[in-house]
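Engineer: Once you have looked at the hints, place chains B, C and D on chain A.
Chains as they are written, first to last, in the working numbering: chain A, 18 to 102; chain B, 16 to 578; chain C, 4 to 123; chain D, 727 to 1219.
If you are wondering where the hints come from, they were derived from the structure by calculation, not from laboratory data.
Take the hints with a grain of salt, since some may be wrong.
[What the hints assert, rightly or not] Here are the simulated distance ranges between beta carbons:
{"#": "1", "chain 1": "A", "residue 1": "T57", "chain 2": "B", "residue 2": "V166", "range": "48 to 54 Å"}
{"#": "2", "chain 1": "C", "residue 1": "V34", "chain 2": "D", "residue 2": "S879", "range": "22 to 28 Å"}
{"#": "3", "chain 1": "C", "residue 1": "E110", "chain 2": "D", "residue 2": "L749", "range": "35 to 41 Å"}
Backbone N, C-alpha and C fix where the C-beta goes; we use that ideal spot for every residue, glycine too.
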Amino acid sequence: MKLARIIEFLISKRSLLAVIMLVLMAALVLADIILPPAYTRFPWEAISGFAAFFGFVACAALIFFSRFLGEWLLYRDEDYYDDHE
Amino acid sequence: MITSDWIHPSLVLIAGTLVVPLLKGRAMQTWMVLLPLAVLGVLWLAQPGEYGQMAFLGMELVTGRVDDLSMVFGWVFSTVLLIGAIYALHVNDQVQHVAAFLYGASALGVVFAGDLITLYVFWELMVITSVWLIWRRGSEVSFNAGFRYLVIHAVGGVVLLAGIIMFQFETGTTRFDQIDADGPAFWLILAAFMINAAVPPLHAWLTDAYPEATVTGAVFMSALTTKTAVYTLIRGYPGTEMLVWLGAFMTLYGVTFAMLSNDIRRLLSYHIVSQVGYMVAGVGLGTALALSGSASHAFTHILYKALLFMGAGAVIHMTGRSKLSELGGLYRYMPWTFVLYLVGGVSISAFPLFSGYVSKTMIVEAAAVDGRALIWLMLAVASAGTFLSTTLKLPYKTWLGEDSGLRPQEAPWNMLLAMSIAAALCFLIGIFPGLLYALLPEPVDFDAYTMSVFLKEMQLLLFTGLAFCLLLKYVGGGPKISLDVDWLYRRGGPRLISATGTAIVTADRAVRRVALGQLMRLTSHMERKHGRDGKLAKSWPIGSMALWTAIVLAMLLTFGVWR
Amino acid sequence: MMTVLSFFNYWIVVVLMMIGFYCVIARGNMVKKVMGLNLFQTSVFILFISAGKIVGGSTPIVREGVELYSNPLPHVLILTAIVVGVATTAVGLALTVRINEAYGSIEDDHLGDEDDGDEQ
Amino acid sequence: MTITELMPFSVLVPLIASLVCALLPGRFWPWAVTLVATITSAVIAAITLPAAAQVTLSYAFGNWPPPIGIEYRVDAANAFVALLVAGMAAVALPWAKKSVDREVPERQGAFYALFLLALSGLLGITLSGDAFNIFVFLEISSLATYGLIAHGSDRRALLASFRYLIMGTVGATFLLIGIGFLYVMTGTLNLADLAERLPEVRDTSTVRAALAFIIVGMGLKLAMLPLHLWLPNAYTYAPSFVTVFLAGTATKVALYVMLRFVFTVFAPDWSFVVLPLSTVLMILAVAGMFAGSWVAMFQPNIKRMLAYSSVAQVGYMVLGVSLVSIVGLTAAFLHLFNHALMKTALFMAVGTVIYQVGSGHLKDFRGLGRTMPWTLTAFALAGLSIIGVPLTAGFVSKWYLIQAALDQGQWFLVVLILITSLMAIVYIWRVIEAAWFQERPGNQPAAGEAPLALLIPTWVLVALNFYFGIDTRLTVGGATAAAEALLGGGMAP
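Chain A with its partners taken away, still in its complex shape (with noise of 0.2 Å):
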């Protein structure tokens, strides 16, 4: 399987790979800087690199409020509704 291998030569260049997304990404929140915004509808689209900060707090709040939320409240053994029907 070709694309199989392919895959595995990516893994195998994670570290190389996660340098280039993390270069990527300053080169956006950069972009963002540089560039004026185009809309000031909503207060924090002046703010450069709003979105990049909005989106890492956004992922975190999601994690660990589910988790949260899950060991709280939700989560049951897998056989819970097995006994009763």
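Structural biologist: Just chains B, C and D now, kept in the frame of chain A:
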């Protein structure tokens, strides 16, 4: 129903489906591909207008209304039928094929229905055909899930019917345009549409049933039921303020519960809820841009969600496992499925160059134009969450991550072909959004590929990815299920019913004891004098019948005669 | 007092009817039930016939010297109703015989209980 | 021979044929004679309906002019019911042959003679324009029915028949009392004549009592809750064919008699005012709809389940009546017709299963969907009609019922109708679930598909359910004409 420039596509499909049980093997497979192609051909020939009028109970039915909005859905439904049929070619179960095609026919019937009665008939038909796609999985779990699905939609159907009746009574027509009734008719019809659109808390049927459907059936289901509901909402309820908030809430609800899911198709089902949330919010905004966004998002969503369900289905089909906690390291064995799935993943996450990008940004933009800051933020969080679970968590835990020791084959050719077609369409729409926009009812004044939109979206997504990589060990999961609203009727409801049942029985007994006691006291006096061994209060079969007769007669006489 | 007495035929009807209906309700024995039913029907017959009586009227047979006849129509009707009543009684008694053969009892009191099954 | 002269023969033909039938030996000839007589009746009724819808037909027996002689007076309402009764009998008879051979193997001459008597009695009730004549025909059909029910193979059939006899006689006697009161007050028995003379004397307690007695008496025969207690057992233990026939006809005719008295003899603007009739009927109807559906959901015996469902369906009809409007009465007549179609189809399907399997218990339905697909599909489709799914006849009548309720602004009735429809889904579903989703236990004999003689009539009725669900001209037209004939084209307050 048939005129020179209009053949009802549902009719074509139903007629064609009747042939399916007669066919076998290669002939059936050919037929299954030809039939959706024929429907596409019929749609190609369709001209805008209204066709198939019939009189029924003094109302005028319009079985075929062709306009731009119904055509958008018509096109995508028949396309996904073709893709789904190819994906299911290897399945040797005619019941499933018949059910799937009839299900598609009913969904088409709904979008081309020009009046509420026709809509209702196809709406119900959609339920009773699609439930077979769940039951044919053949397990007890899927039977129970299908049954709950059936019950909820039966209730939804009754609600819809009640709404239609009141609508007809109020407005004197059953024509299906924007629902401008007020009072119960408005709310009942809206509630029925919302059940099918899986708006929380009426969504649990979806996440309960879809993961238990057959591998191929889930592909059709993911595409049709919720999107017909989106169509009816666009048609009937544009600009309903409540829907903006419900939609935004849906997007967050879906992504949150998706994070908790262990079953891969349950995870994807919660993302249906989340994605439909965007469309519902768009309907609620009600501006031309928002409605175009909803329609086009439904279009792209059907394609990429089908692709995701096909990818997940291929994994289930080849490994027999569906739990994230039992999967892992499959990339060596199913690399094509992996890559094609990822195309779906980046599409749903709205990466530039893929289909989700050109439609979702439109709804978000519409929210921004409307100046709704909170809605905008909620939708943005949901975007991050979508990327997080469908494109990062699920593929990571399935194809990469810890090796589960599974050594499956690559999926069969027809599955890969179907996925490739869907992936190609996702890509095509992402690159040439004009093709999609041209189908929409309103001219679209929106360009997704401006630097500002592009930068924001890329930052949002890539930094979500960064957070995922850093916080990987905190991501929830494991062999657990999470409770949802369905708990209310799976556990809460039965408990409540048995409690009320006991209460009713006790109350009934008490009332009867008191009533009979009174009666006995009354009659025992008579009895001591007149009866030797007779006891009036004893319940003889004939005695009680005759007694009731006497009671009713006495009632009528006292009320009516000796006033 | 006079009015009550002048309607004495209706009082008889009412009393008979009540007795008959009470029998149907309260008696478990099927033959007694049929008898109660007979009594009940008979009371109605009396109601019809007494309504047809005209004070001073003779029997409705055409003969010399009589001008005033009672109304003959109720008699004719009740003749038919009596036939119906007899038929009902016959069918009822026949059924009672068959029930006695099948169950060994004609007490309607919980007769069906011994059959297991689907009566709730 | 004009239609007016032909009309009485729909009653006379089965009456005379029953005498012939009682003397015939064997199994074929009684059935054949019955079939011919029934079809003749049905054809005459079919010819009568269009003519009666135009103008009220009147036939005087023995050339004694009414109101002295007995008159057959036929307008759209009776013609509609008569066609229903004779038509149902004609459809049920081809089905009867095999089923009766199995369940009543001996003395079929007498059995079919009783059937013909019952049929002729029911037709007589509908066509007669004379109050006492109605009572006599009521007793003829009832006595024949008791005999028919007693033919059931289970010994409980005897008990059911006896109880029905007592209750039926009480009901008929109540009717007789009512008629007696009316005669005392007006001196006439002719319905049309009564209607003319009553207004002078109607402010008396006697006339009011007459109305009360007639309503209770007919409520008994109609199985209106709480006077329905005789019905479940009678339907359950009677031979399948008898159940098939009675379910479609007997209660309908009783409803017709009640309507005839309440609407034609007493004017509705009087009868619904002196007694709180509208309220009483509505409460009883709603109670019947709920209680019948509720009990049906838990019945292990399918015949019994359908019997309780009939109690619920009678509730729908009475509900239509209680609304006292053209639309409400139309709904009642429509449901009277449509319910006959669906319930007959359902009982036929169950009877077919009983023919093949020997029992009508739910547990014996398990796994039958695979081995008897045609029978069980017929059951499921007729079940759709009783639920009231669009494109079936059941939908049409419920639609009109709901319209009638809405016209009166009774929103809660709409909700109740829809809830009881959901309950109907439950009890029909139980059978479908057993037939298709459960395995046949190994200790039960496998059953093959039923013979065509049973399947074809069942499917004809199923097809009619769908035909009248789509093409509603005949049913809605007939029902509207019947309702207008009763209400005199005007609206009651």
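Engineer: For every hint, state whether the structure bears it out.
Structural biologist: Here's how the hints hold up against the structure:
no.	hint	result
1	A/T57 to B/V166: 48 to 54 Å	holds (51 Å)
2	C/V34 to D/S879: 22 to 28 Å	holds (25 Å)
3	C/E110 to D/L749: 35 to 41 Å	holds (38 Å)
Every hint, counting from the list given before, is met by this structure.
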